[in-house]
Structure formats: C-alpha cells, structure tokens
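Engineer: One-letter residues, chain by chain:
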Amino acid sequence: EPEVTQTPSHQVTQMGQEVILRCVPISNHLYFYWYRQILGQKVEFLVSFYNNEISEKSEIFDDQFSVERPDGSNFTLKIRSTKLEDSAMYFCASSGGLNMNTEAFFGQGTRLTVV
Amino acid sequence: AQSVTQLDSHVSVSEGTPVLLRCNYSSSYSPSLFWYVQHPNKGLQLLLKYTSAATLVKGINGFEAEFKKSETSFHLTKPSAHMSDAAEYFCVVSKTDSWGKLQFGAGTQVVVTP
Numbered sequence: 001e002p003e004v005t006q007t008p009s010h011q012v013t014q015m016g017q018e019v020i021l022r023c024v025p026i027s028n029h030l031y032f033y034w035y036r037q038i039l040g041q042k043v044e045f046l047v048s049f050y051n052n053e054i055s056e057k058s059e060i061f062d063d064q065f066s067v068e069r070p071d072g073s074n075f076t077l078k079i080r081s082t083k084l085e086d087s088a089m090y091f092c093a094s095s096g097g098l099n100m101n102t103e104a105f106f107g108q109g110t111r112l113t114v115v
Numbered sequence: 116a117q118s119v120t121q122l123d124s125h126v127s128v129s130e131g132t133p134v135l136l137r138c139n140y141s142s143s144y145s146p147s148l149f150w151y152v153q154h155p156n157k158g159l160q161l162l163l164k165y166t167s168a169a170t171l172v173k174g175i176n177g178f179e180a181e182f183k184k185s186e187t188s189f190h191l192t193k194p195s196a197h198m199s200d201a202a203e204y205f206c207v208v209s210k211t212d213s214w215g216k217l218q219f220g221a222g223t224q225v226v227v228t229p
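Top line first, the protein sequences correspond to chains C and P.
Mind the numbering: the first sequence is residues 1 to 115 in the working numbering, read in order.
Mind the numbering: the second sequence is residues 116 to 229 in the working numbering, read in order.
If we strip away everything but chain C, and leave its shape as in the complex, we get (with noise of 0.2 Å):
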C-alpha cells in the first residue's frame, strides 16, 4: 500500500539552528500539506503544496517557514532559525486526483526537539 514517507523521525537541533524536514509523498499525489502538533496541543495546518507554490498557509507559517518540491519527489518543509516553540511533531500529509476531493494521507511524523 502506497505511503507517506517522513524523515528523520526525530530531529534535535540548536536554538537558531536552520533545519530541514524531509518528506516523501505518494507518488500520483498533487497536493501537499505540512501539519504540526505542539505537545499536549491540537495538530494545526500549516501550508498547502500545489503546482509548485503554496496555495494556502496559516498565521503560523511566517518567514521562517519555507516549502519546496525540489525534484518532484520530496516535499521538505526548513525552519530557518530555529525557536524553543518549533519544538513538536511535524506531520506531512498528500492527496491526489484532479480537484483536491481526495481524502489525504498522512506520514508518521517528525518529531523535532529545539533546545
């Protein structure tokens, strides 16, 4: 059954540390999300991933975010400078077909630690 790859599972990184997360979608998936879970918090939307360029972000998602397809197989999410509340559980997420009217599939996560 096809999957949503995440990696690493778990990232520990420096205050101010720029890092990348690493995702592998489904393969004949269009569109792609990044979600994020601060402990004991609701898992929150972050962007949306269409045509190579963001078709929706939320108030979290500010200049220190950035996605980018880079060859047409990972989907990677960089936290450019890192801060003590980017620690949490990234989760990437896909869904396919013509219009977005496909359920999406999520990775398992990367928990990232800021320390």
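There may be inaccurate statements among the hints.
Computed far set for chain P versus chain C, every beta-carbon distance over 12 Å [as the list claims (entries may be wrong)]:
1. S129
2. L135
3. S142
4. Q153
5. K173
6. E179
7. T187
8. G222
9. T228
Selected chain P positions facing chain C (Cβ under 7 Å, derived; list incomplete) [unchecked claim]:
10. P155
11. G158
12. L161
13. K164
14. K216
15. F219
The hints are simulated quantities; they were obtained by calculation from the structure and are not laboratory data.
Beta carbons: idealized from backbone N, C-alpha and C, even for Gly.
With chain C held as given, fit chain P onto it using these hints.
Structural biologist: Showing chain P alone in chain C's frame:
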C-alpha cells in the same frame, strides 16, 4: 470558520464492550467530516469520512459514525472494542471543496482493558 470539539480527552473501555467517541462540529460551510486514528509511533490513518452522501458512514476496523446535522455531531462508535483499538482518535472537519486543509479536534485517547 469551522471547528471541532471532542467531548472526551480519555475513554477507557473493556475489551468486547461498545466504544463511543463524541464529536461536535461547527462550520460556516457544508462540512466534510473525518475520523483519523493514530497508533503509537504511527502516522495518522483515516478511519472514515462523511462528504454529504449517506449520513451513516462505515469505516475500517468495524467503526462507524453518524452525521447528525440537527445536533451538529459526528460521533464514532464500534460495537465491540478490541485491544488493538487502543490509540488516539481525532475528529476532523474541512470545507467540502478543500479536503487538504483540515481542522483537528484535540483528540481522544482510548484505553482498552482486558
């Protein structure tokens, strides 16, 4: 705007007894509603979805949910709990034409005792 409220943060059931996870939603739009499950160290897996077709929706692993517009509810049920049902369950809402942007509830942790 849309949101979901999961009424129980923790539910404990005995194996073989029914499971009920409660969810209420609010939405300015015609909503699509989902239940996702997360087992330890696993990703979020879709259990079932409602998209304005039949109000009683059947999902995987014997789960089902009923969309009740008058009560703005989408409760998840299973007649007989299994040990493997121990997990965290999320009720999720989205706009019907924008399934990717999902609004999650806080989650319900289910514990199944022998």
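Engineer: Work down the list of hints and note, for each, if the structure agrees.
Structural biologist: Going down the list of hints, with the structure as the test:
1. S129: The assertion about P/S129 holds, with a minimum of 27 Å to chain C.
2. L135: Given a closest Cβ separation of 21 Å, the condition holds.
3. S142: At about 15 Å from chain C, P/S142 clears the 12 Å cut-off, so the statement holds.
4. Q153: The assertion about P/Q153 is violated, with a minimum of 9 Å to chain C.
5. K173: At roughly 15 Å from the nearest Cβ of chain C, P/K173 sits farther out than 12 Å, so the non-interface label holds.
6. E179: holds (17 Å)
7. T187: holds (18 Å)
8. G222: At about 7 Å from chain C, P/G222 fails to clear the 12 Å cut-off, so the statement is violated.
9. T228: holds (24 Å)
10. P155: violated (11 Å)
11. G158: holds (4 Å)
12. L161: holds (5 Å)
13. K164: At about 6 Å, which falls below the 7 Å cut-off, the nearest Cβ of chain C leaves the hint on P/K164 intact, so it holds.
14. K216: Result: holds, 5 Å to nearest chain C Cβ.
15. F219: With Cβ-Cβ at 4 Å, under 7 Å, it holds.
This entry does not satisfy hints 4, 8, 10, going by the numbered hints stated previously.
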